[in-house]
Amino acid sequence: MSRIAVVDDEKNIRGVIRLALEKEYHQVDEYTDGLNAWNRFQTSMPELIILDILMPRMDGIELCRNIRNHPLGKELPIIFLSSKDDEIDKVLGLESGGDDYVCKPFSIRELIARVRAGLRRKQFLETAAPQGNNNFSGDGTTENSVLNYGHLSIDENRHFVSWKNIPIYLTVTEFRMLKNLVSHPDYIKNREQLMASAFPEDNFLNDRAVDSHIKRIRKKFQDIDSGFDEVESVYGLGYRWRKIG
-5 MSRIAVVDDE
5 KNIRGVIRLA
15 LEKEYHQVDE
25 YTDGLNAWNR
35 FQTSMPELII
45 LDILMPRMDG
55 IELCRNIRNH
65 PLGKELPIIF
75 LSSKDDEIDK
85 VLGLESGGDD
95 YVCKPFSIRE
105 LIARVRAGLR
115 RKQFLETAAP
125 QGNNNFSGDG
135 TTENSVLNYG
145 HLSIDENRHF
155 VSWKNIPIYL
165 TVTEFRMLKN
175 LVSHPDYIKN
185 REQLMASAFP
195 EDNFLNDRAV
205 DSHIKRIRKK
215 FQDIDSGFDE
225 VESVYGLGYR
235 WRKIG
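Those letters in the sequence shown? Residues -5 to 239, by my numbering.
Hints were generated in silico from the structure; no laboratory data involved. Treat the hints with caution; some may be incorrect.
As the list claims (entries may be wrong) - Capping the alpha-carbon separation at 30 Å, the derived lysine-lysine pairs in DSSO-like fashion look like this:
id, residue 1, residue 2
1, Lys68, Lys116
2, Lys213, Lys173
3, Lys158, Lys237
4, Lys214, Lys173
5, Lys68, Lys209
6, Lys98, Lys5
7, Lys214, Lys158
8, Lys237, Lys214
9, Lys98, Lys158
10, Lys237, Lys209
11, Lys116, Lys209
12, Lys158, Lys213
13, Lys98, Lys68
14, Lys158, Lys209
15, Lys214, Lys116
16, Lys158, Lys173
17, Lys68, Lys17
18, Lys173, Lys209
19, Lys214, Lys68
20, Lys173, Lys116
21, Lys158, Lys5
22, Lys237, Lys173
23, Lys158, Lys17
24, Lys68, Lys158
25, Lys116, Lys158
26, Lys98, Lys173
27, Lys237, Lys98
The whole structure should be built from the sequences, with the hints applied where relevant.
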């Protein structure tokens, strides 16, 4: 059982989400606006947040940024609820630190799947020891559903990434983009391909959002390895993962 916060000013939406999450045996806390939620989160963070963007008093973008600046909220899974046709909301939500988004009207099955992925990744990140993954083959092979390439290890089943045996927290979007790059080392991936890999069920494309995610991916690797330069920018074309050798 996990404690999940649902922040949305629409009572019916909160009720539908609560019912679905409680069937998954989660504890659900409801908040009608961002300010009420933030007042509570400053002393007690949930394990995952489902967050609407347009709300009174404090909107979802501001709340997300506040959470990411809080010591206990830097790695907290955040799933945005976004209007299907509002591209600006999606960009701002992702750039403010959101892991993922689900479009309204949304599929409960899709939302639950993303909740499960976020909680699973968070759990394995918290329990993994730096020396806990020693399946490196160094040649891009896959062992026991783990993709190994040089110092990098990607476990798709657990949504888990490590570099030089040190766990790295990536959002769902960042994880999917990284896997796309590493699956084809030295091949250039344009922004459309990277966004399609992150959101295969949506046709939302935005160059600025992709560049923002790549920047965040690089920073997370450089935070543990200042010499990290495997993600290469190819001017006017896109990005690629450097080939070994």
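Inset, instruction - Taking the numbered hints from earlier one at a time, note which ones the structure violates and give those numbers from smallest to largest. - result: Numbers 9, 21, 23, 27, in rising order.
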